[in-house]
Each structure stands twice: as structure tokens, then as C-alpha cells.
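Engineer: Each chain, written out:
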Amino acid sequence: MPIENEIRRLRFENGEMTQAQLADRIGMTRQTVIAIEQNKYAPSLEAAFKIADAFGVPLEQVFRWTKA
Amino acid sequence: MSFREKSAWIALIAYGVVFGGYFYNLWQGWDARYAAGLSLGLMVGAVVMLVIITVGLTIVATFFNPRAANAPADERETLIELKAERIASYTLSVGVVCLIGALLMGWSGILVANLLLAAMVIAEIVKALAQIAHFRAGA
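Protein sequence lines, in the order shown, are assigned to chains A and B. Using this note's numbering, the letters of the first sequence correspond one by one to residues 1 to 68. Using this note's numbering, the letters of the second sequence correspond one by one to residues 1 to 139.
Treat the hints with care, as some may be off.
Said to hold, decoys possible - With a Cα cut of at most 20 Å, we get these calculated SDA-like pairs of lysine to any residue:
{"hint": "1", "chain 1": "A", "residue 1": "LYS40", "chain 2": "B", "residue 2": "ASN70"}
{"hint": "2", "chain 1": "B", "residue 1": "LYS83", "chain 2": "A", "residue 2": "THR18"}
{"hint": "3", "chain 1": "A", "residue 1": "LYS50", "chain 2": "B", "residue 2": "THR78"}
{"hint": "4", "chain 1": "B", "residue 1": "LYS83", "chain 2": "A", "residue 2": "ALA20"}
{"hint": "5", "chain 1": "A", "residue 1": "LYS40", "chain 2": "B", "residue 2": "PHE64"}
{"hint": "6", "chain 1": "B", "residue 1": "LYS83", "chain 2": "A", "residue 2": "LYS50"}
{"hint": "7", "chain 1": "A", "residue 1": "LYS50", "chain 2": "B", "residue 2": "ARG136"}
{"hint": "8", "chain 1": "B", "residue 1": "LYS6", "chain 2": "A", "residue 2": "SER44"}
{"hint": "9", "chain 1": "A", "residue 1": "LYS40", "chain 2": "B", "residue 2": "LEU129"}
{"hint": "10", "chain 1": "A", "residue 1": "LYS50", "chain 2": "B", "residue 2": "LEU79"}
{"hint": "11", "chain 1": "A", "residue 1": "LYS40", "chain 2": "B", "residue 2": "VAL47"}
{"hint": "12", "chain 1": "A", "residue 1": "LYS40", "chain 2": "B", "residue 2": "SER89"}
{"hint": "13", "chain 1": "A", "residue 1": "LYS40", "chain 2": "B", "residue 2": "GLY109"}
{"hint": "14", "chain 1": "B", "residue 1": "LYS6", "chain 2": "A", "residue 2": "ALA20"}
{"hint": "15", "chain 1": "A", "residue 1": "LYS50", "chain 2": "B", "residue 2": "GLU75"}
As the list claims (entries may be wrong) - Ranges between beta-carbon positions, derived for each pair:
{"hint": "16", "chain 1": "B", "residue 1": "LYS83", "chain 2": "A", "residue 2": "ASP53", "range": "44 to 52 Å"}
{"hint": "17", "chain 1": "B", "residue 1": "LEU104", "chain 2": "A", "residue 2": "GLY27", "range": "34 to 42 Å"}
{"hint": "18", "chain 1": "A", "residue 1": "GLU4", "chain 2": "B", "residue 2": "ILE110", "range": "53 to 61 Å"}
{"hint": "19", "chain 1": "B", "residue 1": "LEU79", "chain 2": "A", "residue 2": "GLU16", "range": "26 to 34 Å"}
To be verified - If you want a taste of the chain A side facing chain B, the calculated C-beta under 8 Å gives, among others:
{"hint": "20", "residue": "ARG9"}
{"hint": "21", "residue": "LEU10"}
{"hint": "22", "residue": "ASN14"}
{"hint": "23", "residue": "THR29"}
Calculated from the structure, these hints are not laboratory results. The structure displayed is predicted, hence computed values, not measured ones. Yeah, the Cβ is synthetic: ideal placement off N, Cα and C, and Gly gets one too.
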């Protein structure tokens, strides 16, 4: 998956937010958050913005494109 | 395991058990009894059993996690559903095309009807398997 993320680190830095708490904030299931965090699923742009908003940071601080 | 993955397992178990039994019984009694309404009686019984097993297992799954059961599907779950539907539709299409050939070759209506039912059941099982595989893989 060419899109990597910093969700695990951001969760840790935001009071050790759990995957379930993040899932509740963005309106997704915990399993989807796990899949995104493990780079198994690339979220839609809307979901990516919601995740960034949940951490209060810009999108580029959460996701980055890695060229193959 | 998400509620929707559990639902896929429920569908897989229900279709496998009920229609596995249905087609086994039909196969065993085909020559002697199918003309006497065996097929129709079995089919009605199978559909009733399918509803009972599916509803029963879904109620159990809902009991253990009612919040997840009532939540709408998120984008990944919707995507997985669509991917699985596409694979299932290909499966069903192949079955239907084959059965059109069977009809043109003069196979009996009751036999073709049961083979069509088999194609639909196989498509549902393929859909459940595809959903489970996608859930396990991540998307």
C-alpha cells in the first residue's frame, strides 16, 4: 500500500486514545481503524480528513504518499 | 471480528448446512420421489430452515454486541460488500448461462429449477466467502 500513516503515534500522543475511541469519533468500526492503521486499507478522502480532525492536525501529518 | 463479518459467517453456515442437506436429500431420493412433490416440499422446508437459522444466529450475535449490530456499515464494510456482490454476480451469471444451455438441450424443468437454485446458493456461499476473505485481508 503506497499510503502510510502515523495514526498509532498520534493515538499515543493524544492521551493513548484507543482504536475504539478513534473509531467512534470518525464513525467507523474498530476493525476499519485497525485496517487503516496497519496500511491494509486506504481510507476515502473524507475519512482521512475526519481522522486528521480527530487528532487536530493537518491531513499531511497523518498520511503520506510513498512512491514505490 | 466485526458484526458484518459475523453476518457473513452466519450466511455461510446457514446456506451450507440447509442447502447441503437439501441437495443431499434431493440427490438421495431423486429417481423415486421427485415427481411426487419431494422437491417442492424440501425446498419450502429448506427456506423455512434458512430463515430460522439466520434469524436465530443473528439474534445471538446482536445480543452480544447490540451497538455494532445497529450501527450503519462504514465505507470499508460497504466496499467489501460490493466486491463480494460482484464476485457472486459473476458466479450466478455463469450458472444461469449454463442452465440456458441445459434448457435448450431439453433437460426437465424441475431439474433445471433445482440447478438454478443450486447456482443461487453457490453464489451466496461465494459471496460470504469473499466477504470473509476481504475482512481477513483488511479490505
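Engineer: Evaluate each hint against the coordinates.
Structural biologist: Status of each hint after checking the structure:
Under the criterion of a C-alpha separation no larger than 20 Å, the hint pairing LYS40 (chain A) with ASN70 (chain B) is inconsistent with the structure, at around 25 Å. With a C-alpha separation of about 29 Å, the suggested pairing of LYS83 (chain B) with THR18 (chain A) is violated against the 20 Å cut-off. The suggested pairing of LYS50 (chain A) with THR78 (chain B) holds, with an alpha-carbon distance near 18 Å, which does not exceed 20 Å. This hinted pair does not check out: LYS83 (chain B) and ALA20 (chain A) have alpha carbons roughly 25 Å apart, beyond 20 Å.
At most 20 Å may separate the alpha-carbon atoms for a hinted pair to count; LYS40 (chain A) and PHE64 (chain B) exceed this at roughly 27 Å. A C-alpha spacing of about 24 Å is found between LYS83 (chain B) and LYS50 (chain A), which places the hinted pair above 20 Å, so the restraint is violated. Note on LYS50 (chain A) and ARG136 (chain B): the hinted pairing is violated, with a Cα-Cα distance of about 24 Å set against a maximum of 20 Å. With a C-alpha separation of about 24 Å, the suggested pairing of LYS6 (chain B) with SER44 (chain A) is violated against the 20 Å cut-off.
For the hint pairing LYS40 (chain A) with LEU129 (chain B), the CA-to-CA distance comes to about 19 Å; that is within 20 Å, so the pair holds. Taken as a hint, the LYS50 (chain A) and LEU79 (chain B) pair is honoured in the structure, with Cα atoms around 18 Å apart against an allowance of 20 Å. Restraint check for LYS40 (chain A) and VAL47 (chain B): not satisfied, since their Cα atoms lie roughly 37 Å apart, outside the 20 Å limit. Simply put, LYS40 (chain A) and SER89 (chain B) have alpha-carbon atoms about 25 Å apart, too far for the 20 Å limit, and the pair is violated.
At most 20 Å may separate the alpha-carbon atoms for a hinted pair to count; LYS40 (chain A) and GLY109 (chain B) exceed this at roughly 47 Å. With a C-alpha separation of about 18 Å, the suggested pair LYS6 (chain B) and ALA20 (chain A) falls inside the 20 Å cut-off, and the hint holds. Among the hinted pairs, LYS50 (chain A) with GLU75 (chain B) is consistent with the structure: their alpha-carbon atoms are about 13 Å apart, no more than 20 Å. Between LYS83 (chain B) and ASP53 (chain A) the beta carbon distance is about 28 Å. The supplied range of 44 to 52 Å is therefore violated.
Taking 34 to 42 Å as the suggested C-beta distance range, the pair LEU104 (chain B) and GLY27 (chain A) does not conform, at roughly 51 Å. The hinted window of 53 to 61 Å between GLU4 (chain A) and ILE110 (chain B) holds, with their beta carbons roughly 57 Å apart. With their beta carbons about 29 Å apart, LEU79 (chain B) and GLU16 (chain A) fall inside the hinted range of 26 to 34 Å. Taken as an interface hint, ARG9 (chain A) does not check out: its beta carbon lies about 20 Å from the nearest beta carbon of chain B, beyond 8 Å.
A least Cβ separation of about 20 Å between LEU10 (chain A) and chain B goes past the 8 Å threshold, and the interface hint is therefore violated. Proximity of ASN14 (chain A) to chain B is violated relative to the hint, the smallest CB-CB distance being about 21 Å (cut-off 8 Å). A distance limit of 8 Å between C-beta atoms decides the matter here; for THR29 (chain A) the minimum to chain B is near 5 Å, and the interface restraint holds.
Violated hints, listed in ascending order, are 1, 2, 4, 5, 6, 7, 8, 11, 12, 13, 16, 17, 20, 21 and 22; each of the other numbered hints is respected by the structure.
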